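Top to bottom, those sequences are chains A, B and C.
Position 238 of the first sequence, counted from 1, bears residue number 321 in this note's numbering, the numbering being contiguous throughout.
Position 199 of the second sequence, counted from 1, bears residue number 422 in this note's numbering, the numbering being contiguous throughout.
Position 1 of the third sequence, counted from 1, bears residue number 7 in this note's numbering, the numbering being contiguous throughout.
Keep in mind that the hints were calculated from the coordinates and are not lab data.
Note that this is a predicted model, so its numbers are computed, not measured.
We put the CB at the ideal spot given by N, CA and C, even for glycine.
Treat the hints with care, since some could be wrong.
[Unchecked claim] Chain A side only, calculated, beta carbon under 7 Å to chain C, not exhaustive:
1. Thr151
2. Arg156
3. His160
4. Thr171
5. Phe173
6. Thr177
7. Leu184
8. Gly188
9. Leu192
10. Arg193
11. Pro196
12. Val198
13. Arg199
14. Leu200
Below are the chains, spelled out letter by letter.
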Amino acid sequence: MSALVLDDLEKSFGGLRVTAAVSLAVEPGERRLIIGPNGAGKTTLFNLITGELRPDRGSIRLFGLELTHIPSRRRAHLGLARTYQIITLFPGETLLRNVTLSLLGRSPLRWNPLVRLDRQEALAADARTALERVGLDDLADRPLGQTAYGERRRVEIAMALAQSPRILLLDEPFAGLSIDERRDVQELLAAIPRDVTVMMIEHNMDVALDFAERITVLHFGRVVVEGTRAEVVSDPRTREIYLGE
Amino acid sequence: MNLWLVLAGNSIAFGGLLFLLSAGFSLIFGLMRIPNLTHGSLFMLGAYFGTSLIAMGFGFWPAAIAAGIGVAILGGLIERLLLRRLPGAELAQVLVTLGLSFMIADLCLMGWGGDPIEIATPPALRGATRIATAAFPTYRLAVIAVAVIIAAGLWALIDRTRLGAMIRAGVDDPAMARVVGIRVSRLFTVVFCLGAGLAGFAGVIGGPILSVYPGLDQDMLPLALVVVILGGSGSLVGSFVGSFVVGFLYNFGQAMLPELAYVVLFLPMLVVLVLRPQGLFGRAAA
Amino acid sequence: MRRLALALSLVGLAALPFWVANDYYVNIAAQILLYAVFALGLNLLVGYGGLVSLGHAGLFGIAAYAGAIFINGGAGHFLGILGALAVTVAAAAVFAVLALRGTGLGFVMITVALGQIVWGVAYRWISITNGDNGVSIATRPSPFGLSLATAAGFYWATLLVFVAALATIAIFVGSPFGASLRGTRDQPRRMNALGYHVWMIRFLAFLFSGLWSGVAGMLFLYYNQFVSPQVVALGALAEALLMVIAGGTATLLGPVAGAALVVIMKNVASAYIARWNLVLGAIFVVIVIFMPEGLVPGSVRLGGWAAGRFYPRDGEPARRARQQSGA
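Okay, chain A solo, but in the shape it has when bound (with noise of 0.2 Å):
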């Protein structure tokens, strides 16, 4: 059974079409690379999987579970977590207590409003280990205003590893970083077990190139080229869509 399923995805707004029929499937502990030019709907996808935005048309199967008439909050307790474009952080909360609030989400802890929050040992002990995979447990105390860009993006990471994710979906994880900083997410990404499925999207080819086993590159909303990655970087078509811009 494919890890995720998408069959002929549509979606517009207004006139535009934004993801044009699209199709794929993802098996389980592969290394998924989405690749376009700006515009190409790479993030409306995520959305859509993600349930934030309905498709017009079409289906998502997560694991053979059919995705379409569930809530997007329910998505993540169904193992589905991402990352962002944009950092999507907790202000004003330190880096422990933004993966607590990753690990509170799945837990029916979270409606509790009788405990202390900062009691919770199996929740705290938990929050630390995923910042011990991201390399960011000296820092666990510290508040996120006075943190890195780096590290924050590596604390998006740990957030959604911390979620215990089948699929993880990373929008533009390299994005703003310096070459130190890329080599510390690389080393992260390449450390993440297999029986996550992971699909990237990524701007910058360089970057993500080592990282993807399959590439599905979309243009204009619709999925042009995919195969491995081989074959993707040989394909002519690749090319024109990226000198073509």
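Assemble the complex: chain A is given as a structure, and chains B and C must be docked to it using the hints.
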């Protein structure tokens, strides 16, 4: 039968007055995304200005226009000195307008005292005119005429002039408007002045019908709110239609169900808010 | 250290009727406390939930009116209070469902409209609310035989309710649900993606904050033994919000300071300054423009020291709140 006709006539006249009040509110809300909670006080201030000007010997119409200009200038000052300091912070701007409304109301109390002041109907428009089987106060017919003229003028401004095009662009998509080079901040000042001036003018026009008293602002503001929410912010057509709808709801509500007049007034607004948050004619929220 | 400060201030507050000999000032202290309960409740929504409501004074008024009507109808104090709170929470549920249809400014506008409806009903539905004449009740309750008719007695009862409110809200704020609420304030989209039910969180917070508005409304009713449409007029709506933003929405005790400020200004200052509304409006404008974080953190900042954490903390603000309430 006559009663209904007279009630209907009064509703239309009141609707016309409401249009003068809410057109400005709608423009400001539509363009600047601020529900201008000072609007009721500006209406009241204009009315008070009018009473003073008339007492000094001005004629009714010159007083109305002068009052409108005076309030417009005040509006410009408010926008440049206060609202401009909070760019993009819409909530803060709302709170500032709320605070200002209190200040203006109290200053009016200080300046003109606590007793209601009547504004005499202009002599040429006194008495009644017979239409069909009923006699309508001539002045109220004049108010309807004024409202229609101003509506036409505003429509021409918005639809036909460059300024209007910029306003429309700003209402549709402020970010884009900026990118295209429209001086949005100056536009804001112009629109705020225009809205304020209309409110002040409306205050004097409404004088012979409502008279001027402390608390007039708190009576009128909710009505403007309902009109704009019903009709859709930034939409002139919406304000026009909404004003008359509210005029009818208010007058008929008062006459038939006085105890529930406010419920009759606000319930449709709530229904619209729930079912169609952008109002009957408005654009969907960005 | 913090605990000691808290304990000391509680003792000081409890002993207030003894070291403030004048009944007039004891009454003012009671008013501060009852409005503090109101402001604390409202801040749950405004400060922690990021939802600015200009309609909570409406809930305050609904509680007072419902209480008066029940009590005058023969229900007795205990049932009257329960009934009033039940009605208030039900009203809060209706308010919430309607207001949450909008976001940001839309939410504010809907709450203004709701507040105005309450005012309109209070003012016009004379057969129930007696219109402008208001409704009065004859007595204050005597729980366990202790009379609340005296200034001191009423003050202590209010102090008890205030402490209960403060404790409950402090627990709420430090709980996982409180953290969820703050999360929806900062990043609602992300919270949704993390699995939180954002609407439900906001709805429940609205109910909880509405409950405290109701409690404060009942305290108000007992304090004045009278309620009138003034309570839900636009001015009252604004004053409620002013209490919250003046004190600072980011701290637990900020609203208490704000309530103290507004009550003191209203009662004491208005004896010297005839134009209370002018001052209220001016304060609003000044605070919003120059001290958007509120009077407490704002004056600290202007004093040259950087404050500004978003945690509920009762160290600094508590000290200043005590200073402000006349210690």
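Comparing the hints with the structure gives:
{"no.": "1", "hint": "Thr151", "result": "violated, 17 Å"}
{"no.": "2", "hint": "Arg156", "result": "holds, 5 Å"}
{"no.": "3", "hint": "His160", "result": "holds, 5 Å"}
{"no.": "4", "hint": "Thr171", "result": "holds, 5 Å"}
{"no.": "5", "hint": "Phe173", "result": "holds, 5 Å"}
{"no.": "6", "hint": "Thr177", "result": "violated, 9 Å"}
{"no.": "7", "hint": "Leu184", "result": "holds, 5 Å"}
{"no.": "8", "hint": "Gly188", "result": "holds, 3 Å"}
{"no.": "9", "hint": "Leu192", "result": "holds, 5 Å"}
{"no.": "10", "hint": "Arg193", "result": "holds, 5 Å"}
{"no.": "11", "hint": "Pro196", "result": "holds, 4 Å"}
{"no.": "12", "hint": "Val198", "result": "holds, 6 Å"}
{"no.": "13", "hint": "Arg199", "result": "holds, 5 Å"}
{"no.": "14", "hint": "Leu200", "result": "holds, 5 Å"}
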